[in-house]
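**Student:** Position 311 (the sequence shown) corresponds to 311 in this note's numbering; numbering is contiguous.
Worth flagging that the hints you see were computed from the coordinates, not collected in a lab. Some clues are possibly wrong.
As the list claims (entries may be wrong) - Simulated DEER-style distance windows between Cβ atoms:
no., residue 1, residue 2, range
1, Asp-27, Pro-104, 44 to 54 Å
2, Phe-148, Phe-23, 30 to 40 Å
3, Glu-99, Leu-37, 44 to 54 Å
4, Ala-230, Phe-148, 36 to 46 Å
5, Ile-196, Ala-227, 21 to 31 Å
6, Glu-238, Leu-200, 14 to 24 Å
7, Phe-28, Thr-189, 16 to 26 Å
8, Glu-281, Ser-240, 41 to 51 Å
9, Ser-24, Pro-195, 15 to 25 Å
10, Asp-27, Arg-105, 24 to 34 Å
What the hints assert, rightly or not - Here are the computed lysine-lysine pairs in the DSSO-like style, where the Cα-Cα straight-line distance is at most 30 Å:
no., residue 1, residue 2
11, Lys-280, Lys-306
12, Lys-299, Lys-229
13, Lys-188, Lys-95
14, Lys-191, Lys-168
15, Lys-95, Lys-117
16, Lys-111, Lys-101
17, Lys-188, Lys-164
18, Lys-191, Lys-101
19, Lys-289, Lys-188
20, Lys-164, Lys-191
21, Lys-127, Lys-116
22, Lys-191, Lys-95
23, Lys-127, Lys-145
24, Lys-188, Lys-111
25, Lys-299, Lys-326
26, Lys-191, Lys-117
27, Lys-102, Lys-152
28, Lys-117, Lys-127
29, Lys-151, Lys-117
30, Lys-297, Lys-188
31, Lys-145, Lys-116
32, Lys-191, Lys-152
33, Lys-168, Lys-188
34, Lys-234, Lys-306
Using N, Cα and C, we set each Cβ at its ideal position, and we do this for glycine too.
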Amino acid sequence: MFVRAGVSGIVYDAILYGGQYTFSGRDFSDYENTLGLGAKVVLSLCRTIRDPVLTVVYFDNYFSSVELMHHLRNELGILSIGTFRQNRTRGCILKDDKEMKKMPRGSVDMKVCEEKKIVLVKWFDNKGVLLGSNYTGVEPMGVCKRYFKDKKEYREIPCPNIVKEYNKHMGGVDLADMLVAIYRTIYKTNKWYMPIFSQLLDVAINNAWLLYRRECGLKTGVDDHIALKAFRFKVAQEMSSYIPKALAENVEPPNRVNQRRIISRPIATRPEAESRYDGKEHFPKITTKGRCRLRVKGKTTFLCIKCNMRLCIQQNRNCFYTFHQKEQET
1 MFVRAGVSGI VYDAILYGGQ YTFSGRDFSD YENTLGLGAK VVLSLCRTIR DPVLTVVYFD
61 NYFSSVELMH HLRNELGILS IGTFRQNRTR GCILKDDKEM KKMPRGSVDM KVCEEKKIVL
121 VKWFDNKGVL LGSNYTGVEP MGVCKRYFKD KKEYREIPCP NIVKEYNKHM GGVDLADMLV
181 AIYRTIYKTN KWYMPIFSQL LDVAINNAWL LYRRECGLKT GVDDHIALKA FRFKVAQEMS
241 SYIPKALAEN VEPPNRVNQR RIISRPIATR PEAESRYDGK EHFPKITTKG RCRLRVKGKT
301 TFLCIKCNMR LCIQQNRNCF YTFHQKEQET
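Kindly generate the complete structure, drawing on both the sequences and the hints.
**Tutor:** This is the structure:
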């Protein structure tokens, strides 16, 4: 799943990866189709931004390219910063790590593409970090603290503005993933779509909690709120006790101590004893798979045509025979 999230961890939009059907129903120009999967994901998620002009998006090197950043600013008015892979600089030559390792820690190399209005900056910390942007670069140069093992102390080193901006705003998606992982809704099922539903459910609950926490801070000026676990518990309580208005007049309020079991489908009644044990015309028929009426956990395709009951017929178990024996009545 690809998501667009804010610094707070709120997920604003998402795309489910579906192979060749990932972008079904989404229109791209011929040029956009040449940009690749990562760029198309960014474009799809950015098109749902309510006010895209001068919005800033941040993404990692899986999505970044010079063409994408140029297209985002020219077509959508969106500013961007992203880390880059060395093979996506489109021939821009920057100093390699071996060369920059001989320079002081915090050294910077920068190149500007005047045609596409893109800045590529390589900053050397413990190793080289390559970033690109369509709106900012090295200036204003800041500082950051780093630990020097040889001196066994922290020192300030130069830090370009593009690095500070990226570190400040990147991480919303990781935060959203962390919140989902803390209290994940687990479904024990073989249905392929249930994990997707579980993920979307957890994201929706976490979004609600983050909005609730933000509103608490705005009203009181203090970050005073209940924890995520307690919030999820309250949501579960409200959802389990909810009764639609159309049914409220005909449905009794739920009794948590002695709540009636709701049967989703009618169950065939068992035949009378006289018919069940008469030993006449009880023949098995193959039909659709269903639960064996004699074994709660078993499933079978055999049906007694007279009793209209599904019963197992297996090498080590014959519920069909047992069901029709009077001494084995259950």
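**Student:** Run every hint past the structure and note whether it holds.
**Tutor:** Status of each hint after checking the structure:
no. : hint                          : in the structure
1   : Asp-27 / Pro-104: 44 to 54 Å  : holds (50 Å)
2   : Phe-148 / Phe-23: 30 to 40 Å  : violated (48 Å)
3   : Glu-99 / Leu-37: 44 to 54 Å   : violated (33 Å)
4   : Ala-230 / Phe-148: 36 to 46 Å : holds (44 Å)
5   : Ile-196 / Ala-227: 21 to 31 Å : holds (27 Å)
6   : Glu-238 / Leu-200: 14 to 24 Å : holds (19 Å)
7   : Phe-28 / Thr-189: 16 to 26 Å  : violated (35 Å)
8   : Glu-281 / Ser-240: 41 to 51 Å : holds (47 Å)
9   : Ser-24 / Pro-195: 15 to 25 Å  : holds (21 Å)
10  : Asp-27 / Arg-105: 24 to 34 Å  : violated (47 Å)
11  : Lys-280 / Lys-306             : holds (9 Å)
12  : Lys-299 / Lys-229             : violated (38 Å)
13  : Lys-188 / Lys-95              : violated (52 Å)
14  : Lys-191 / Lys-168             : violated (40 Å)
15  : Lys-95 / Lys-117              : holds (21 Å)
16  : Lys-111 / Lys-101             : holds (19 Å)
17  : Lys-188 / Lys-164             : violated (43 Å)
18  : Lys-191 / Lys-101             : violated (52 Å)
19  : Lys-289 / Lys-188             : holds (21 Å)
20  : Lys-164 / Lys-191             : violated (44 Å)
21  : Lys-127 / Lys-116             : holds (27 Å)
22  : Lys-191 / Lys-95              : violated (51 Å)
23  : Lys-127 / Lys-145             : holds (15 Å)
24  : Lys-188 / Lys-111             : violated (53 Å)
25  : Lys-299 / Lys-326             : holds (23 Å)
26  : Lys-191 / Lys-117             : violated (48 Å)
27  : Lys-102 / Lys-152             : holds (20 Å)
28  : Lys-117 / Lys-127             : holds (26 Å)
29  : Lys-151 / Lys-117             : violated (41 Å)
30  : Lys-297 / Lys-188             : holds (16 Å)
31  : Lys-145 / Lys-116             : violated (33 Å)
32  : Lys-191 / Lys-152             : violated (55 Å)
33  : Lys-168 / Lys-188             : violated (39 Å)
34  : Lys-234 / Lys-306             : violated (50 Å)
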